[in-house]
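**Q** Whole structure, please, built from the sequences with the hints as guidance.
There are 2 protein chains.
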Amino acid sequence: MSHPLFEKHQATLDAAVAAIHGRGYWTPYPEMPSPKVYGETAADDGKKAFEACLGKEFELGQPGVTGWTSPERSPYGIALDVRYPVSTPAALVEAAQAAMPAWRKVGAQGRVGVCLEILDRLNKRSFEIAHAVMMTSGQGWMMAFQAGGPHAQDRGLEAVAWAWAEMSKVPAEAVWEKPQGKNPPLKMQKHYEIVGRGVALVIGCGTFPTWNTYPGLFAALATGNPVIVKAHSNAILPAALTVRIAREVLAEQGLDPNTVTLAVVDKRADTQALATDPAVKSIDFTGSNVFGQWLLDNARQAQVYAELAGVNNVVIESTDNYKAMLRNLAFTLSLYAGQMCTTTQAILVPAGGIDTDQGRKGFDEVAADLAAAIDKFLADPATATAVLGAIQSEATLARIDEAGEYGKVVLASRKVEHAEFPKAEVRTPVLLTCDAADEKSYMEERFGPISFIVKVADGAAAVALSERIVREHGALTVGIYSTKAEVLEAMTEATLRAGVALSINLTGGVFVNQSAAFSDYHGVGMNPAANASYSDAAFVANRFRVVQRRYHVA
Amino acid sequence: MSHPLFEKHQATLDAAVAAIHGRGYWTPYPEMPSPKVYGETAADDGKKAFEACLGKEFELGQPGVTGWTSPERSPYGIALDVRYPVSTPAALVEAAQAAMPAWRKVGAQGRVGVCLEILDRLNKRSFEIAHAVMMTSGQGWMMAFQAGGPHAQDRGLEAVAWAWAEMSKVPAEAVWEKPQGKNPPLKMQKHYEIVGRGVALVIGCGTFPTWNTYPGLFAALATGNPVIVKAHSNAILPAALTVRIAREVLAEQGLDPNTVTLAVVDKRADTQALATDPAVKSIDFTGSNVFGQWLLDNARQAQVYAELAGVNNVVIESTDNYKAMLRNLAFTLSLYAGQMCTTTQAILVPAGGIDTDQGRKGFDEVAADLAAAIDKFLADPATATAVLGAIQSEATLARIDEAGEYGKVVLASRKVEHAEFPKAEVRTPVLLTCDAADEKSYMEERFGPISFIVKVADGAAAVALSERIVREHGALTVGIYSTKAEVLEAMTEATLRAGVALSINLTGGVFVNQSAAFSDYHGVGMNPAANASYSDAAFVANRFRVVQRRYHVA
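Going down the list, the sequences are from chains A and B. Heads up: take any position in the first sequence, counting from 1, add 2, and you land on my numbering. Heads up: take any position in the second sequence, counting from 1, add 2, and you land on my numbering.
I should point out that these hints are in silico values taken from the structure, not numbers from a laboratory. Hints may be right or wrong, so weigh each one.
Note that identical chains are pooled: a pair holds if it fits in a single copy or bridges any two copies.
[Unchecked claim] Below, in silico cross-link-like pairs of lysine-lysine (DSBU-like), each with a Cα-Cα straight-line distance of 30 Å or less:
1. 171 <-> 10
2. 425 <-> 442
3. 180 <-> 126
4. 184 <-> 325
5. 189 <-> 107
6. 378 <-> 189
7. 10 <-> 180
8. 180 <-> 378
9. 58 <-> 425
10. 325 <-> 180
11. 363 <-> 410
12. 171 <-> 107
13. 189 <-> 126
14. 58 <-> 126
None of the values given here were measured: they were computed from a predicted structure.
**A** Right, here's the structure in full:
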């Protein structure tokens, strides 16, 4: 039953399984783009490999190709012009179904071994993928490398570890022997086979084309399901490179490369056809509430794992480190220009101000000081462009432009020139104040670098408002700053009721918008922002079934 | 964190966790109603305790009681007249929500300990519950004791074991320490709390009011969810006794007894109101396709675990033990007069007959021989009444009466007089033959003692038809009789594709309609007859979430 790739990567797998249960810091994929780790020529090789993709057809050898399309536009303003094959939805589904029996028969160890080999090769190609992520999503280089490369690989490995933890508990066979008093026992041989639920569809997003795709991709794949990766139309290349690597590994192992395919569509109806195909049994989706809700309403034949919009929020009740708090929040609001599903949108501050180590600070003072902290942090254009990246979509640019309508501007957005990419759309955050009653302003997701300092009656009102926001509009992250045990306790209880992860008094090098694989449960799956978590048992256990057979033995 | 009830039952729990992973035979609840096991007075005490419930109000101390109702009619024709409290759906949901925080705070060990104590007391009350099951469902005494008592308790314990296996992997806390090169590491303390998804609704069925209720009840309860048990209107007493015992244990532990409540409704709209209440996050349902589909379509706020109708089938291709095969099938078709969700409805036999150890048997010969085997098995009225039990519903009686319309009768149903219960509605099975083309006859569930011997072209056609029946109409069980390895292999592959449990060449004391806890996965959750299995990781993992909090530590 053992498989060479399983044996090759077993140490990594064992450590990953220990990590998901221990939940300390761990990773096999170094996050520093260092030549010592990735090799002296890795950076240069990766850049060249990325550039070699541009302006060409990206051949994948997939079935049912009816044409080629090239929809990506770089937020950095460079020409990409990669042409991708467009396959009919029916051809992709049919090919996936045909690949499924062999993928089942290779067994849990074989599937896990193949997944780990794919992840290992993705890691070695981190520079190439980082360029693809940066140039399609608009992320800054360091984030593109880390979140697009090793951190995404961590999330993929975490899903494989959970899948293995669950699958390895199912024995291949058992003898069942029931005593019958003085008569001979009843004795049966039983076999248990792990069977994937069916074709899996993984729908990526435009901002994190690998980080948000790998959990679903590897969870579905490891548990026996062929996967169709439907990339976001503006972030195809990172997914295409991933799929190509997966197909190479599959083919080398004598498996059907169509176990993993890339879906690039030139009309929305094709995505809908894929999502509602009766053979598609699971859908992983990161994106808008509108399409997410459409999937939940229409793709009723599938289990849908959806990460949607939310209104992440932070309560500031008091602090014993005012400067560090402001610095921490300034970084959170600036990173990737707020284009993270975890970025704080609403900062809830008592109308009467807060107690700090620097004395009492009024509401307006807190707002002005946070604005100043952001301004100072982004004063140097080189830092600013590195941290902010570029704005991924026209819609976000439009939201920045109209943000002044939603509140009083305490910090306006600036356009920053990028030294290397003159056409890059780089913007600093806009910071607004408003009253808690102005719910239409801050209580829907305004994706991008748009945040509100919301004036609330007092700390208790802030905690209550945070809970209501999470319950009604969802959130992936909330934070609190307070020096009072009873306030922290109330906030903790509120997050347990509403179901959201809480960061308390972050003043150092960890930020509320960051989520570490193997340790942090990204999303909780209990509020409207997400119906599943990366990764836990629930994220993998429902993707396979156990089919048994039994017969008498002597 | 440890809890006295957890410690009290830890040996049982450990053995149960070992059993769900090893899947050999195991149980802590003896299935023989023996005085040596259950005590010299247990049988008598149980009968008296049951009788003491009759003709009285069944007080539970629940909130929102608006009246009393007494809808049960015994298939054995005795007067029950137990009057149950009718609570408003809103009052039950509100009470469940109020009970939830304390149920979370008692922790996984506390919840599991309480569940194990409830199961232990249910086991000690097996006689009383068996009488309640027998007199409401119509089961024969031995089945009512075994399936209604120890086997149902096994299924409850199995669910608790799975819940514990999943929850115990989540650490209460962890220290996350990330190296920062020459700088001090980033260090965070993290806490992980298991939180139930919300109020659970468990909707029981009229035929197995404990066996089909305990998996959902205990899976939901152990994972942190308050449970409302909505009993079938004709099988309330077994659920009411169960709920009362649960409430007693909860109250003794200083927990809110409304963590478990009984819903008895006098109008269907109340069940619908419960099922669609926004606070209800999971529903376990066993019953008809019509109401099951209504739940899936309308209770969209909840995860629905549904066991619905199916068309269980057996392929007879050849056998090396003709007599034992007929005896085995005769028992399956007779047990509880076919009123099991696992009873075989369609027996697929080649038109040209089958090879057996007694020579070639033609299609009509097989049908006649099976009819004779049933007739012989049920010839003695004492055996017949013990095995058949009574017919649970008027609808099943009507189906038996009209069965002749669906095919050629090879064995007519007989009414059997019950020596002890003169008004009992006891019926023997009706056996029909029909052609594979007569799909409208055999290809929908005809619940009760109505089975078809279906004439198919040959063995390959039988395997293909079995697969199509499972895919299109669902099945909890299929069987095959064949002496040929290639036929068994084809059937195995068909069941792996369609997702159904297979029993091969059953000729002894195990029957296709039986499913043993800890070893057999009841249902697979992959075909239309059920979307979940009792019990596996998927049955429990999605019933809770992990909510974390984190903060810097030095």
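**Q** Next, verify each hint and record whether it holds.
**A** Hint by hint, here is what the structure shows:
Taking CA atoms no more than 30 Å apart as the test, residue 171 paired with residue 10 passes in both settings, with 21 Å inside one copy and 26 Å between copies. Neither within a single protomer nor between protomers do residue 425 and residue 442 lie at most 30 Å apart by alpha-carbon distance, with minima of 34 Å and 67 Å respectively. In this homomeric assembly, residue 180 and residue 126 come within 30 Å of each other (Cα to Cα) only across copies, at 22 Å, whereas the closest approach inside a single copy is 53 Å. For a Cα distance limit of 30 Å, the shortest separation of residue 184 from residue 325 across copies, 24 Å, qualifies, whereas the shortest one inside one copy, 80 Å, does not.
When the C-alpha separation of residue 189 and residue 107 is checked against a cutoff of 30 Å, the pair qualifies only within one copy, where the shortest distance is 27 Å, while the shortest distance between copies is 44 Å. Proximity of residue 378 to residue 189 under the C-alpha cut-off of 30 Å is restricted to the inter-copy arrangement: shortest distance 27 Å between copies versus 76 Å within a copy. Only between protomers do residue 10 and residue 180 lie at most 30 Å apart by alpha-carbon distance; the minimum there is 27 Å, versus 40 Å within a single protomer. Only between protomers do residue 180 and residue 378 lie at most 30 Å apart by alpha-carbon distance; the minimum there is 27 Å, versus 75 Å within a single protomer.
For the identical chains of this complex, residue 58 and residue 425 are intra-copy neighbours only, at 22 Å inside a copy versus 83 Å across copies, given an alpha-carbon limit of 30 Å. For the identical chains of this complex, residue 325 and residue 180 are inter-copy neighbours only, at 23 Å across copies versus 69 Å inside a copy, given an alpha-carbon limit of 30 Å. In the homo-oligomer, the alpha carbons of residue 363 and residue 410 lie at most 30 Å apart inside one protomer (19 Å), although the nearest pairing across protomers, at 89 Å, exceeds that limit. Taking the closest pair of Cα atoms, residue 171 and residue 107 come within 30 Å of each other both inside a single copy (18 Å) and across two copies (29 Å).
In the homo-oligomer, the alpha carbons of residue 189 and residue 126 lie at most 30 Å apart only across protomers (28 Å), although the nearest pairing inside one protomer, at 51 Å, exceeds that limit. In the homo-oligomer, the alpha carbons of residue 58 and residue 126 lie at most 30 Å apart inside one protomer (23 Å), although the nearest pairing across protomers, at 74 Å, exceeds that limit.
Figure legend: structure checked against the earlier numbered hints; the only hint not met is number 2.
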